[in-house]
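For chain A, the structure is supplied; the task is to place chains B, C and D on it using the hints.
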Amino acid sequence: MTSAEPVIQTTRAPRVRRTRRSRIRIALKKAPLSAWFGMGVILCYAVVALFAPLIAPYRETQVFSEAFAPWSHEFAFGTDQLGRDMLTRLIYGARNTIGIAFITTILSFAAGVTLGLLAAMYRGWLDQLLSRAVDVLMSIPSLIFALMLLSIFGSSITSLILVIALLDSTRVFRLARAVGLNVVVMEYVEVAQLRGEGPAWILRKEILPNILLPLIAEFGLRFCFVFLTIAALSFLGVGIQPPSADWGSMVRENATLITYGDVTPLLPAGAIALLTVAVNFVVDWFLHSTSGLRDEN
Amino acid sequence: MKTSSVIARERGTDLLTVRDLHVEGFSDERWHPIVRGVDFSLKRGEVLGLIGESGAGKSTIGLAAMGYAKPGCRITRGSVLFDGVDLLSMSEARRRRLRGSRIAYVAQSAAAWFNPAHRLLDQTVETAVAHGIASRGEANRDAVELYKRLQLPQPETIGFRYPHQVSGGQLQRAMTAMAMACRPDLIVFDEPTTALDVTTQVEVLASIRRVVEDFNTAAIYVTHDLAVVAQMADRIMVLRHGQTVEEAGTRQMLTAPAQEYTRTLWAVRKLAKPEIEARDHILTIDNVTAAYAGGVKVLSDVSIRVPRGRTVALVGESGSGKSTLARVVTGLLPAMSGSISFDAQPLPLSLKQRSKDLLRRIQMIYQSPDSALNPRQTVEEVIARPLEFYLGLKGEQRDRRIGELMHMIEMDESFLDRLPGELSGGQKQRICIARALAANPELIICDEVTSALDQIVQEEILKLLIRLQRELGVSYIFITHDIATVRAIADEVVVMHQGKVVEQGPKTEILTSPHAAYTELLLSSVPAMDPDWLTGLLAKRKRQGTLDAAG
Amino acid sequence: MRLNPVAKTVLQRLGLGLITLFVVSIIIFSAIAMLPGDFAKATLGQSATPETVAALQHEIGLDRPPVERYFSWIGKMAKGDFGSSFASRTGYRRTVAEIIAPRLYNTMFLAVMTALIAVPLALGLGIVAALYRNSWFDRVVNTVTLTTISFPEFFVAYMLAFLIISRDTFAGTEFAQSLPVWLAISINWTLNVVPKFPTLANINDQTPFWDHVWRAALPSATLTLVIVAHMMRMTRAAILNMLSSPYIDMARLKGMRPMVVVLRHALPNAWAPIVTVVAFNLAYLIVGVVVVEVVFVYPGVGQLMVDAVRSRDVPVVQACALVFAATYVLLNLIADIISIATNPRLLHPR
Amino acid sequence: MSESEYKFRVAQSLIGRGKVSRRDFIHLGLAAGLTVAASDQIFVTVARAQPQQGGFAKLGMAHGATTDSIDPAGYPDTFTQTAFSGAMSNGLTEVDAKGGIQPDLAESFESSNGAKTWVFKLRKGVTFHNGKKVTAEDVVSSMRYHMGVDTKSAAKSLLESVSDIKADGPETVVFTLNSGNADFPYIMSDYHFVIMPSVDGKADWASGTRTGAFVLENFQPGVSAKLKRNPNYFKNGKPYLDEVEFIAITDLAARMAALSTGEVDYIGRADLKTLGMLKRNPKIEIIEVTGYGHYTLPMNVTIAPFDNPDVRMAMKWAIDRQEIADKIFLGHATVANDSPIAPAIKFYKNPEPQHRFDPEKARHYLKKAGMEKLKVDLSVADAAFAGAVDAGALIRETAAQCGIDVNVVREAEDAYWDNVWLKKPWCASYWSGRATADWMFTQAFAAESSWNESFWKNPRFNELLVQARAETDEAKRAAMYGEMQQLAHDDSGSIVLVFNNFVSAQSKKLGHGDVAPNWENDGLKMAERWWMAEA
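Protein chains in written order, with my numbering: chain A, 1 to 297; chain B, 1 to 551; chain C, 1 to 350; chain D, 1 to 535.
Any given hint could be a false lead.
Facing chain D, according to a computed beta carbon distance under 10 Å, are these residues of chain A, among others [stated by the list, open to error]:
| hint | residue |
| --- | --- |
| 1 | Ser22 |
| 2 | Ser155 |
| 3 | Arg252 |
Quick caveat, the hints were computed from the structure, so don't treat them as lab data.
Built from N, CA and C at the ideal position, the CB exists for glycine as well.
Here chain A stands alone, though its shape is the one from the complex:
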């Protein structure tokens, strides 16, 4: 505060009234080019995923007579081994892969954040119990464990989502607990405790809003990891199952073509990579703007 007048700024008119929307607008305006690129790509993917049936030229599983058709007007990226349009498969692949990864990440965050914050807030035996449980889960190789669990519960999409969400929530738990611990010691949390607020209110109103940014950043990263995990599981044969199109399986199915310099497997792999890079750009920007770290030179 810079004013020296003993009279307080009772009369001073505040600056423009700031709503949440205007704050977001200001933040967006400051975003660097890479973040804009990232957001643009994510938006495109989201649109494609949401409106796949409208955008795709054919039905997801529609079969044409010609397998391995070359690129043409009719089939922009040719057809696959069953004679399905590659472009259509890519578009539906976006829907399936992103959709599943998104739901999985949401679930893993819901579980991880809730438990992590509870552990941070209550410490003691609850913290010990949860932390040790997470240690145990993390010490089992996750890919192989996922493989086992999926074998037990079947490779349905539901169990795929639940299993990956469970294994992934361990890392979210760790992060949420760590950032939560930083916030729990803040005096405004103490103020709420002194006021007599219940734990749910404190979690939701005092702690969560303050760890949202790192969590969102982590969300982006975990989303990508889930993506790659699904691809790896598809590689081991328990990922998203055909005839649903998914990028991991599409890479896997066409992998042998790479040996002959065929670019077909590059399309889904590139689609995965582009999204991952885009998400990371946005995450970098988020982390950068929250850490208060300035890259000057």
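Okay, now just chains B, C and D, sitting in the frame of chain A:
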């Protein structure tokens, strides 16, 4: 300062000349001016005091005098002539050679400015060795010499400790030793004693002053504390909003400031509330003992009475247990033994056992409004919550009450949709006060509520608190380490030291004729607005042999 | 008694680690018990008669209740006996130890080889990127590493294999013929500069050391690409994080060169997060490389465990899981020890 | 024919015996009016066609697991079968390249008593790898290893009809069967029935001592098996190779890459997708053999709606077998006609009419069954066969055009054979095929067989099956098997989609004769039969 040395220094030539200095800082994606055209010069061996409130640009100027701008800042215009060469136009490599060797820096919080990963000695000698001024062995021996001069305990071995292993006062002196390692021509002191307790501050000031004089080093001494700068500087420059308000010799500046702003600055330390007798006690603490997990006792056998509608100031240095006492009263740290009664009723010791209404009646305000306000809640959300939670107010009723509270803390209602980050420190503290008031409390515990604020703002807040007490009849427990604050607000004073109550009584009595030796030491360590205060105090203490005892 | 903080952490973590291993063994055992089918059905396959299956189940003790089997297993474990694979037959004992040992050696070999390349590379790149942050170098390194982790691991592996194959085939492809001659020639030349690493890493216990290195080159390169990004980014971030500390300003004000500022003043304080990430990635090198093992036919523990899960060879699965869990626990312990050792506050309490 | 041409011809015939050097041959070729390149080409081709001694072949197998062992009770896939049965061991008989049965360790065999008694005479002077002579006792122990209550052999069911085995002197073994079986020698060619030395009356499999062309040198389960030539092998001149290494490369792309980079000389189960591109490589040869294996979709005829023969017929017409052959198997399969007997098998007869995709006919039969529309579940998983799920997708598309809504249900791959096959009303299945019609029908179509996957019980069929088995008159047998194939085609619940082709790829450095169709990898005997044409 000692008159003889002042004369000697005045014979020096111009060492540093700063002309038309402009510095900008980057925030909200924009460059804002921080320093707007400051000129000054400094002779060899001379000490210049830079004084001003936060945001006045005094630290920035101090760094700019080294040709350095903090990350996020840039020097946009001006020249800094050091020994005849412009620091701003020379190459980075040449500037680097000057830094540390001929111009050195001593920072406010040595604990943060020392690298935690290296031993003190390694950091002390680093500059000398890196600049090729001394060999490692020579530098080590010299460092020990400097430690001795700065009166560090065990100068032979203290260098082998890590920063976290020594106390704040010692660290500050070690940092001065580090700055002195190359015997620079100029040292920039950036609030070197602000983070220290008053009793420690005296010693550090004395040490610093001695080495600066011994080596005839020129210095820029940046501080917000007039009394401190009065002890150290030959000349004082008052800054405001990145501009010079006025500049003059120390004595002249203290006695006859030319500008109105300077006079306001000088005046703030004179606020004093007349004390009033109390009728009864709202809070009685009897023989309370408390300890943190791990069994370290922080309070032992503490008994305090808080008169209704009055203010009890809890005075003591860091570690005296005064903040712990606040936690005991609020129930966050239930006392191990002893009893507390509130409004003649026994108060459950643990927070969990207290009723909602009881919680409402005791509120707390914290030292740092930054951490006491949730950065993600608007002012309205902050103030409204206690209204809804305790009083169940809704809709129009609630909004009306919020309006009243804003009025009470003298803030416009248009602030309601702001986030704490968009407010100044004083405004934030007002919001914290409003939040406490919203509960209609009977007792408010104020934990160092003014110490993070500028002095003018401090005064405003103190006045506000006094007015509210008068109007609402609320009682305060006012925790502070600052005697001026005590003078301003207290009716009764409790002096604490190492977890025990040293003395308790009416303000005037304690401040004028203390009974306990510790109280006396504490009071005598508070710098006065008199350039000869430190010299006099040191002389007096030397006679009494109390200087070492206090360390 | 006041213990040295390192010793205290080690003891505490080892204790917790043992409990972790115990719980892991229970979880894995139950998981296999819940898997459909068992070893007998899995090995005998489609055409086995029920009597045959029953006879085999009896021989390997699968007809006993799971709880009893678990306790007999853990009883042996406590004595250091990992037991025998279900693939053992009367007169033909295959102990779990002898099955795992060579695989574990291979896995460790690959992990150490990769770590020796990847960790210095990641730290170096991270430090240089932090030093020249926002320079073109920083941006290029960031984007490249980011891209490598953005592709599925097996895709990276296939791409590397493709590069090797292209040495011989590139000139004949339509793509090459569509390029200008000079470009085609130079690409072909570039491809042939790379040594012809084997795409098949099928080593065995008789493979000489350097041949082992040679054969493990591609798997190692794949893993390097996969893990460098994470470690490099963390190194960079940790150092940058430190660069906003006041003591970095102090170092600059003391006239230290930027390299000295980063190496002597920022890096020592950034070890803890870096070491944690390095430990995480090393654990991944041992625990998570099953995909790379499959693609390059490298006989490591990951593939062994997947095989054992498929065939329900419980003792082998259990042993693999314990080896993995122990690796995880130990690496984290080492990371913690390094974090303490590099932090004077923890190493030398007041 | 000029003299030089004559000399050239003679020289060609001498190449194989290593009597003519490449250089001399080219000179002769020049003399005969050929270019250097042309005569060199002829040299290489001729040389490949002639077995040569020596060399070390690396063979990439599509299977291999860490639980593999040399125990003949197992041998679950091509790795163990080719390496341990085919290369290391011999059975009493073997199937030749034309699908005929030949004696192997046996010198001869004959039946009596309506094919109920079979007498095998052993070859004289054959020894195990350790020098011990092979006796009838060894044969009896080896067979008993797969019999009895407590055997763990996967081949137990094959010998269930054997009531007694005994040695008649050191060189004769007599099998007594419960009922006549004219094809019993074929059963003896099964890869499980390798002859092992008898130790204390029990077959000793663990030592790895067998009679085969190769001796096991090093075996790392799931990784590789290295074998070296058995110098005392009883077949004259064989094996040609000095050493073979079988390498487990389960990943398809890795297998293809290993062949392309020359790290292996042969791979089983080549990638069909890139076969066209692989063919362009002049150093690579591709071998395709129609095997006995076939892919089926058994419908449980005891459960509605498949209890109605017309529904079954509608389903049979609603599937485009050609499309499945083209797309799932990329043309590397032979369209089948709802009979499990492969063209290469004796008594094969293609039933009439050929079932193909015909929406008209499918609707016709559906209507005949009294239905307009039909909704059925098809349970699939790639555990049944690779591509089963995709096949389901194709079937759904074609069936939809016939008014049949096929709901493709994905099942878990693990324990598919436990939980889905024989349990779900309609699912996908695979048979590796049997060498004789009787064997195939007995296992998969006979009423009492536990693997009668469509639960089909046709009295006439089962009557014929028993009669034909004991019948020794070839013509009568042919007629009976012809009728049985027609019955299966017309009435059974098994939709037989296609017969698989074994597609392997190898470096042209490897030479071989005709390739046997009974199993993959030249009837599992590639190590013994193939040679290295150029080092």
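Against the structure, the hints:
no.: 1; hint: Ser22; verdict: violated (49 Å)
no.: 2; hint: Ser155; verdict: holds (6 Å)
no.: 3; hint: Arg252; verdict: holds (9 Å)
Hint violations for this structure: number 1 only, all remaining hints satisfied.
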